[in-house]
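Trainee: Below, each chain spelled out in residue letters.
2 protein chains.
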Amino acid sequence: MSEFRHRYGRWAVIAGASEGIGARYARAMAERGLDLVLLARRRDALERLAAEIRAETGVEVRVLVADLAEPEAVPDIVAVTAGLEVGMLLYCAGADPEYAPLLAGPVEPTLALVQRNCVTPLRLCHHFAGAMAERGRGGIVVLTSVAGLYGAPNMVAYSATKAFDLVLAEALWAELRPRGVDVLALVLGTTDTPALRRALVRRGALDPSDPAPLPGAATADEVVAEAIENLPNGPTWFVGDGLREFARRLGLRTRGKAVATLARHSDAAGTR
Amino acid sequence: MSEFRHRYGRWAVIAGASEGIGARYARAMAERGLDLVLLARRRDALERLAAEIRAETGVEVRVLVADLAEPEAVPDIVAVTAGLEVGMLLYCAGADPEYAPLLAGPVEPTLALVQRNCVTPLRLCHHFAGAMAERGRGGIVVLTSVAGLYGAPNMVAYSATKAFDLVLAEALWAELRPRGVDVLALVLGTTDTPALRRALVRRGALDPSDPAPLPGAATADEVVAEAIENLPNGPTWFVGDGLREFARRLGLRTRGKAVATLARHSDAAGTR
Chain P
1 MSEFRHRYGR WAVIAGASEG IGARYARAMA ERGLDLVLLA RRRDALERLA
51 AEIRAETGVE VRVLVADLAE PEAVPDIVAV TAGLEVGMLL YCAGADPEYA
101 PLLAGPVEPT LALVQRNCVT PLRLCHHFAG AMAERGRGGI VVLTSVAGLY
151 GAPNMVAYSA TKAFDLVLAE ALWAELRPRG VDVLALVLGT TDTPALRRAL
201 VRRGALDPSD PAPLPGAATA DEVVAEAIEN LPNGPTWFVG DGLREFARRL
251 GLRTRGKAVA TLARHSDAAG TR
Chain W
1001 MSEFRHRYGR WAVIAGASEG IGARYARAMA ERGLDLVLLA RRRDALERLA
1051 AEIRAETGVE VRVLVADLAE PEAVPDIVAV TAGLEVGMLL YCAGADPEYA
1101 PLLAGPVEPT LALVQRNCVT PLRLCHHFAG AMAERGRGGI VVLTSVAGLY
1151 GAPNMVAYSA TKAFDLVLAE ALWAELRPRG VDVLALVLGT TDTPALRRAL
1201 VRRGALDPSD PAPLPGAATA DEVVAEAIEN LPNGPTWFVG DGLREFARRL
1251 GLRTRGKAVA TLARHSDAAG TR
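Residue numbers (this note's numbering), protein chains in the order written: chain P, 1 to 272; chain W, 1001 to 1272.
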C-alpha cells in the first residue's frame, strides 16, 4: 500500500472531476494509489477519464453523474460511497459561470452558485469528515479563489461563495487537525483551465482555437502539485508566487482600499 | 421631509427587527422620518415594537412575520413591499444559534444558517437594489462579524456565512456606489444583544437574571450610531475601536497564523 494511501485512506472523492484541476487531481490521486469516485455533470468526460486512469494505474474508479448545484446530488453521493473508506474529499467544482453585474440578470443563477459552492460542500464535508475523524486520518481540500478575499464587482455572488469556502475550510482545519485530518483552503488565482477558457471566449477575450498558454495563469498541473505538497500545511494555501505576493500586498491595505483597488482593476478590464 | 428620507427613500425594510440591533435600527430609522417594514419570526415582539414606534414617531409601520431561514420568506417580503419605495434594506438577522464543533450535531441547522445568512440576503439585495439603482438613491447594510474574517472552531458554518455576507456587501458596494446606492458591510465584534445573552446562558456562561452590561461588548445603540454615521463610508465598517485594533493586528499575520490564533483563543475559552 502506498504511503499516501496509508496516510489518508483508500478512496478519494473528487467533485468536479471531468476536467481542469479536478481531472488533474484525479490522476494524481490514482498515481498515489488511491481508488477514485469521480463526480461531475458530463457522463462522457467522466467515463473517458475513468477508463484512462484505470488503464494507466490499475486503481478502481467509480463515476457518478451529479449536478452539484442540485440538492439531490448529496444523497446520490452518499449512496454511491456507502461502505467505502473515503479518506480524501477534493471539492474542485465551482468556477464562475458569469462575469457580470449582479443586477444584469435574474437571481436564479446566483442561487445555483450558492448551492454548488456553499451548501453542497458544507454537506459533503459534514458527511465525510465524521468518519475521517473517527479513523484519525483523512484529507479535505476545498478550492477557493483570490476573489473570495474581498468583494469585487462583476462577481458579487461568486466572490461571496468563495469567501464562504475559504473560511469554511479554515474553520474545519481548526476543528479537524487535532483529530488527524488535514484540511486545506486552496486559494487559486488565474488558472488555465477549460472553464476559464470558455469564460474568456464568451467574453470575446480569447480565440477558441488559440492553443497558447494563458499569460500569467498557473496550469492545473502546477496547482495540483502545490496542493498535494502542502496538504499538511493548512489551513490556507495560496497557489503560486505571484498570487502570494498579490495577496500580501492587498493585505497591507484596509479592506475598503483593497475593494476599491479591485473595483478599479475591474473597470479597466471592462473597458479594454 | 427629512434629509435622511430624501437621501435614501421613503421605506426601510429591516430584517431581524424584533430585538437587539434590528430593533434599535428600526427606532433610529423612524426617528429620521422613514416608514418601516419590520420582519422577524415573533409576531408579539414585532407588533409591540411597531406600536411603540408609531406612537413615538408617527411614521407608518408594517410588520411581516417571516422566518428568514425559509425560502418562502422572500416572496412574502416581496409581496408585502409591492409598490413601496424601499430606500433602505437593513439585514440584521443572523446571530449564531450554536457554538459547537460542526461534527457535534446534524447538518440541518447549518443549512438553515446558509439559507438565512446567505440565500435570503442575496435574494433581497437582488430584489431591492434594482429599484434603488434606477432611482439613483438607497442604502443597504448587511450585518457581518469578525468571525467572518478567518475560520474559527466551534462556528464553522456561522463564520463561513458571515464571510459570505462580508464579501457580498463589499462586492455590491463596488457595483452600486457609482449608481448612488450606499452599501455597507457592518462588521460586529461582541455585541450585547438578547441573542448573545441567550447563547451565553445556554453555555452556562451567564446568569439569565444578570442585568449588568456584558464586559467588553458594544451596545446595540453604539453599533447603530456608528452604522448610520458611516453608511456613506463603505464598503466595510468595523464597529468600535477595540474591534478595529483587533482586526488590524490579525491582518498583520498570515491567514494561517490568524486562524491558529483564533483556534487557541477558542481552546482556552472552551476549557475555562
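Be careful, since some hints might not be right.
As the list claims (entries may be wrong) - Some, not all, of what chain W presents toward chain P, calculated at C-beta under 10 Å:
| id | residue |
| --- | --- |
| 1 | 1002 |
| 2 | 1033 |
| 3 | 1035 |
| 4 | 1101 |
| 5 | 1149 |
| 6 | 1161 |
| 7 | 1167 |
| 8 | 1168 |
| 9 | 1180 |
| 10 | 1228 |
| 11 | 1231 |
| 12 | 1233 |
| 13 | 1255 |
| 14 | 1256 |
| 15 | 1258 |
What the hints assert, rightly or not - Not the full set, but computed from the structure, chain P residues with beta-carbon under 8 Å of chain W:
| id | residue |
| --- | --- |
| 16 | 99 |
| 17 | 101 |
| 18 | 153 |
| 19 | 155 |
| 20 | 156 |
| 21 | 166 |
Treat the hints as calculated values from the structure; they're not laboratory data.
Cβ atoms here follow ideal geometry from the backbone N, Cα and C, with glycine treated the same way.
Trainee: For which of the previously enumerated hints does the structure constitute a violation, in increasing order of number?
Mentor: Structure breaks hints 1, 2, 3, 9, 10, 11 and 16.
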